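So the protein lines, in turn, are chains A and B. Here the first sequence is numbered in this note's numbering, starting from 6 and rising by one per residue. Here the second sequence is numbered in this note's numbering, starting from 6 and rising by one per residue.
Hints are computed from structural coordinates only; laboratory data are not their basis. Warning: the hint list may mix true and false statements.
Just so you know, same-sequence chains aren't split out, so a pair can sit in one copy or run between any two.
Claimed, not checked - Below, computed lysine to aspartate or glutamate pairings styled on DMTMM-like, alpha-carbon distance capped at 25 angstroms:
hint, residue 1, residue 2
1, K237, E299
2, K93, D77
3, K93, D75
4, K93, E121
5, K258, E121
6, K237, E160
7, K258, D291
Values in this document were obtained by computation on a predicted structure and should not be read as measured data.
The primary structure of each chain is shown beneath.
Number of protein chains: 2
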Amino acid sequence: MIVVLAGGVGAARFLEGLAAVAPPERIAAVVNTGDDMVLHGLHISPDLDIVTCTLAGVIDTAQGWGIAGDTDECMQWLGRLGAPTWFKLGDRDLALHIYRTARLRDGATLSQVADEMRQALGVPITIVPMSDDPAPTHILTDHGELHFEEYFVRERCQPAVRGVHLHAAGPVSPAPRLLPLLASAEAIIIAPSNPVVSVGPILAIPGVREAIANANAPVVAISPIVGGAAIKGPAVPLMRAAGMEPTALGVAKAYADLIDGIVIDTVDAALAPAIAQLGIRPFVTDTIMRGMPEKMALARAALELAFA
Amino acid sequence: MIVVLAGGVGAARFLEGLAAVAPPERIAAVVNTGDDMVLHGLHISPDLDIVTCTLAGVIDTAQGWGIAGDTDECMQWLGRLGAPTWFKLGDRDLALHIYRTARLRDGATLSQVADEMRQALGVPITIVPMSDDPAPTHILTDHGELHFEEYFVRERCQPAVRGVHLHAAGPVSPAPRLLPLLASAEAIIIAPSNPVVSVGPILAIPGVREAIANANAPVVAISPIVGGAAIKGPAVPLMRAAGMEPTALGVAKAYADLIDGIVIDTVDAALAPAIAQLGIRPFVTDTIMRGMPEKMALARAALELAFA
Numbered sequence: 006m007i008v009v010l011a012g013g014v015g016a017a018r019f020l021e022g023l024a025a026v027a028p029p030e031r032i033a034a035v036v037n038t039g040d041d042m043v044l045h046g047l048h049i050s051p052d053l054d055i056v057t058c059t060l061a062g063v064i065d066t067a068q069g070w071g072i073a074g075d076t077d078e079c080m081q082w083l084g085r086l087g088a089p090t091w092f093k094l095g096d097r098d099l100a101l102h103i104y105r106t107a108r109l110r111d112g113a114t115l116s117q118v119a120d121e122m123r124q125a126l127g128v129p130i131t132i133v134p135m136s137d138d139p140a141p142t143h144i145l146t147d148h149g150e151l152h153f154e155e156y157f158v159r160e161r162c163q164p165a166v167r168g169v170h171l172h173a174a175g176p177v178s179p180a181p182r183l184l185p186l187l188a189s190a191e192a193i194i195i196a197p198s199n200p201v202v203s204v205g206p207i208l209a210i211p212g213v214r215e216a217i218a219n220a221n222a223p224v225v226a227i228s229p230i231v232g233g234a235a236i237k238g239p240a241v242p243l244m245r246a247a248g249m250e251p252t253a254l255g256v257a258k259a260y261a262d263l264i265d266g267i268v269i270d271t272v273d274a275a276l277a278p279a280i281a282q283l284g285i286r287p288f289v290t291d292t293i294m295r296g297m298p299e300k301m302a303l304a305r306a307a308l309e310l311a312f313a
Numbered sequence: 006m007i008v009v010l011a012g013g014v015g016a017a018r019f020l021e022g023l024a025a026v027a028p029p030e031r032i033a034a035v036v037n038t039g040d041d042m043v044l045h046g047l048h049i050s051p052d053l054d055i056v057t058c059t060l061a062g063v064i065d066t067a068q069g070w071g072i073a074g075d076t077d078e079c080m081q082w083l084g085r086l087g088a089p090t091w092f093k094l095g096d097r098d099l100a101l102h103i104y105r106t107a108r109l110r111d112g113a114t115l116s117q118v119a120d121e122m123r124q125a126l127g128v129p130i131t132i133v134p135m136s137d138d139p140a141p142t143h144i145l146t147d148h149g150e151l152h153f154e155e156y157f158v159r160e161r162c163q164p165a166v167r168g169v170h171l172h173a174a175g176p177v178s179p180a181p182r183l184l185p186l187l188a189s190a191e192a193i194i195i196a197p198s199n200p201v202v203s204v205g206p207i208l209a210i211p212g213v214r215e216a217i218a219n220a221n222a223p224v225v226a227i228s229p230i231v232g233g234a235a236i237k238g239p240a241v242p243l244m245r246a247a248g249m250e251p252t253a254l255g256v257a258k259a260y261a262d263l264i265d266g267i268v269i270d271t272v273d274a275a276l277a278p279a280i281a282q283l284g285i286r287p288f289v290t291d292t293i294m295r296g297m298p299e300k301m302a303l304a305r306a307a308l309e310l311a312f313a
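Assemble the whole structure, with the sequences as input and the hints as a guide.
Structure (structure tokens):
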């Protein structure tokens, strides 16, 4: 299996490309669940849904999240009843949360539910949550400790970040399939996702970082930082708060104990020598995934680097 | 307070008329929750929602249930995920169930939630569920024991009915406001609802039938049976299974220990003498509620009978 450590939008787009250039049955996505939360009594798994719906071809491609053509009747009526409405849930989208919540309450694990959902939506790759246990990511800000989605969506990343609390580092077990997948992987790819709040929680789960370091497979990353800026989301303030330099070199350093190579963007070509000095092979190419050709090209670059 | 024992559609229409001819702040609806069920992990209260949404002016008047102009995006996607779809839940409608379920899980009682919802939707009358405890109505059929909604909606009343099991008769407490409302009522009106599965569960709760019999207030009913047929729903087979004659006289007999009078339809005028012989005052008038004038006239008839 080619095992991809995945956050949300960037990872989902990369996986689309990968599933087009490698046999989907040989691809497994291990997905961050640090953004998961319970809202309106419903278990919401933002990254699992983004990955699953992107690969199912039903994602709202303009937003990168949510289901294409969705409506918000339920949300408007929840607002009428006085429920909080800062986290938008479309009517179609709600079916995912309602289904997941009901199955979890029936005693299914998050791993089982993720697999049922990807099968129901016709996704051919394996999708595994990082853990079946709750492992929320909290952001310590000058407005107090916030759940990641409260910081990201409700507060629009406005509060200054002082630190990040990954509950994944606590008494949390990896999902049952995770360590076996890593141990038997033919390659491990760290998707172009936020190193702090997307990949960070996966690596923070006790035993996971060691399992990757000890795996026989080549490990490569794709930098989500291009020209010192994040392609999407609050990677820069979060990397700074985590003591990382918000550059492709900073990303390479964050994974220095794990990766054999890293794909960086052409605009960051000047960072390649410094990356090479860390003992990490840099691969310089265009990394912005505007459409399917770019997604496939980036997937090929990652595979080329891994299997070189 | 004028206290109305209420099922779904018929009761809701009667309450609309009553709220137009009497001060809404003097009206309390005690609503059957025997139809309540958990589906997709959501707590669904069909009669509470029908009464609340009718009085809020947002009901789908053609169906008598559901919210006007509602869509079914979520339901279609639940079906896509393999969830059962026999019980239609509109997108707007789902907001009621999601809100209720979340509040109940937060520790609120069904009474509290019903009150929050009628306030949020601008309903001026008091709405009280019959109980805060689960008290499902099961129908014993030649296809086994079914929840009422399974019998009514999923099986479309096709299985032959052998009996009715009202869990309300079990260890179920009346809602906190119910007995005080009955004790201090100025009139108690049994709405034109199914005597077996709508009014039956309310009366089956330990202590409720006695509280009505002992109340100082006049007690009157409106027959939901007109010309030997139900205006809506499966009252005829259910009354037969419960050993009742499916006529206005049968309705009067079912409530004989409770009521001082009963409103029956003009087409049933011939039954008036037999009803009078039970010691129950019959009031003969048109009872079909086609529009607001008929709803108001029926409400006036019930009040006239009660306060005569």
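Unsatisfied constraints (hint numbers, rising): 5
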